[in-house]
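J.: Residue numbers (the working numbering), protein chains in the order written: chain A, 1 to 286; chain B, 1 to 463.
The hints are simulated quantities; they were obtained by calculation from the structure and are not laboratory data. Using N, Cα and C, we set each Cβ at its ideal position, and we do this for glycine too. Each statement offered as a hint is correct.
To be clear about the criterion: a stretch of chain A counts as covered by chain B if any three or more of its residues have a C-beta under 8 angstroms from a C-beta of chain B, and this derived list gives those stretches:
{"id": "1", "stretch": "45-52"}
{"id": "2", "stretch": "99-113"}
{"id": "3", "stretch": "123-131"}
{"id": "4", "stretch": "152-165"}
{"id": "5", "stretch": "216-227"}
{"id": "6", "stretch": "253-260"}
{"id": "7", "stretch": "272-280"}
Listed here are the chains, written in short residue letters.
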Amino acid sequence: MEKLQSRRGFLKKAGMTVCMSQLSMLGWSAGFSAIFSEGVNSSGEFSLLKLEKLLSGYKFPFIDNFSTDSFSSVYKLYNLYGSNSINAGDLSINSAVAGEKRQFNFSVSRLANNGIKSQKLNFKYIVSGDVLCQNNEILSPQKWNISSKISISRDNEAFNGTGLKYEGENKNGEIYLMTSGKLIKKAIASIPLSWKWGLMAVVQNMAKVSLHELQFSMLDEFDTIYQNQKMKFRKKVSLDCGNNHLIDFNVFELTGDGMIPTVYWIDNLNRCIFVVSGMEAYVLGV
Amino acid sequence: MKRTPNILIIISDQQGIDTIGAYREKFSHEAYLCHWLKTPNFDKMVAGGYSFLESHSTNPVCCPARSSIFTGRYSTETGVTFNNIGIDKNVPNMGEWFEAKTDYYRIYCGKWHAGGEWNYPDAEGTRKIPGFETIPVGVSGTGDFNDFQVSGAMKNYIINYAEEKPFLAVAGFMNPHDICYWTPQLFGGKLVPETDIFELGSARPPLPPNFNFNFDDPFPKQQTKFTKDEWQNYLHDYCRMIEKLDADLGRLLDAVDSRDDETLVIFTSDHGEGAARHKRVQKWHPFEQSVKVPFIAYMPGKIKQNVVDANHFVSGIDIMTTVCEYAAIPAPPNCKGRSLKRLFEKGDTKDVMDCAYAEFQHIGRVVHKGDFKYVKIYNYSGLPDKPFIRLEDGKYEKFQSCAGSSRYETSSNMLLFNLKEDPWELINLATNPNYSLKLNELDLLLAEEWEKRIIPGIHFDRN
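Based on the provided sequences and hints, a complete structural model is requested.
T.: Structural data, given as structure tokens:
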């Protein structure tokens, strides 16, 4: 009952039922209304054990509904170095259906260096751009425009010649990467191509439509192809996402060339909540 | 005057020599990792350049090995006999030497860890590398997080670089060093599944033939209580880290190949990885998996292509002298390496060594000549005729490792292996009287040809 109430936009806590619209009036976003509860129990799952400390304070982003076609998701990037998880960046992905295509734009910012400490500047490595994909089950990228740079923010100049814009194109598995009209790289994707951040949308769709295994090559952010990737449904797991709210997750695993086995956790609304690989984790925020 | 080439040095961390796919024929046993990974960019470098199979770390741990690469001196001479010690300030590093002798623009990005406890340099301040400008990348000790940034930033930098003068650039990658965190000692065992939960099965490398061995092993175990599945999962993930590194290498080769001018690319690693051989993880020890590292030089049109040299002995010490010759400057005084330029371009072997000398930590020595490898672990005498460190006030002092203990110093030890007949180092011949002449010959070579040439460096605190 409690789970149902949370799905319908109610949270029952300490004998008090609060309607989502009331929360909106108190300052919550009506368009992406969220209610937070404290902590997610890893249930001894291998991929989540690494995040245990982090998950104990995680506020699960409950929402009413979620479209796997058109969505905006923001993740925090954690570097699982040593016994602590360091919040080392963020990733935003926006997806929209455009006829038979899917249009993404994304931006990922990674903490690069504490840099010039005397000036208290924190450098970041920032990659952002637009990716036009086929709206197929692996969201094959067709064209992309990407910029990457070391800088102190998305709006600042690149540090010392480290900024560049790339244009990429996938012509039936032949990948062309250009900068300022000059060809930098030509490569072959041996099997249909997907791309790194698009995979979050791919698994969301898999959870919604079909759990069958997918095989593909993967464009890593914008310029490198990893061959022989396999996305496989592993199991369903119920996790206590705070205050005894049990959420059913579909768990997927990505393996392949250059890939430390990576685990995707998709919730009952088909949202990708956690992505955990080796010492890196992406955790959905709001 | 003809412009000298740009120089790009790429260094990985903890990469054994058998991790390059192109070497499958050379390392034919299926337990070598080259059979379990794909490295198209390393393969491209090997096919397009000159590489060595007898390439040795000068001291198989990060700081000492890196201090040698960037100075052309052995770690005893740089004063960096252990991790987190600064390079003797009287010994110039590559950046300082090029700054003094050339007009090269010198730029560094990524892992340094060649002097001081800091892995990554800052753009300014006490943690800036003397002689180099810095692209500020590196927030923690993981390659998973940093290497993509290093390759991305350096790729853009190389493509954008349009100055008249050539550049000396260094890209320091952390991977596959991340495998250190796969050992329970460092990460509580949370990164290696106890069973084959990802159903990788036979896609995982097998245990090596020297997983079990019989001789008396004098070195710290640096092994875990891994089950067979855990070991295989560990090896599997190590191979994936190499493949990630290969992608980072590819970004840099793309950038170099896109330029119209000449760039000498040298790739090496600071040390290898235990990879379950002798039941070990990590490095520190003198076995082949710890000491042997890739060494590839690439400059299409200038350097001989597709030469995999199994005969000549090289180490990180040769990089400084080689890049100096390419930059048309003399090497710094007392450099112990040899320039490999004439070997790379003309096959001239005059300058190349017929044996390798390496140190491990402050009291271990390795001499590899012909088929035989001799290992000696000194018993510290307290006198400056045996391994020691020299302090800035000129006094000598017994070195204390960061663990505060003398790890190898309870007794002298010697090991002797015939690597041709016993490439997995299963039989220690040092106690076999039939090999006493060989043992004495190599001991004399160590004492007369190597130890006498070493000029001890000063332990310099740059932290």
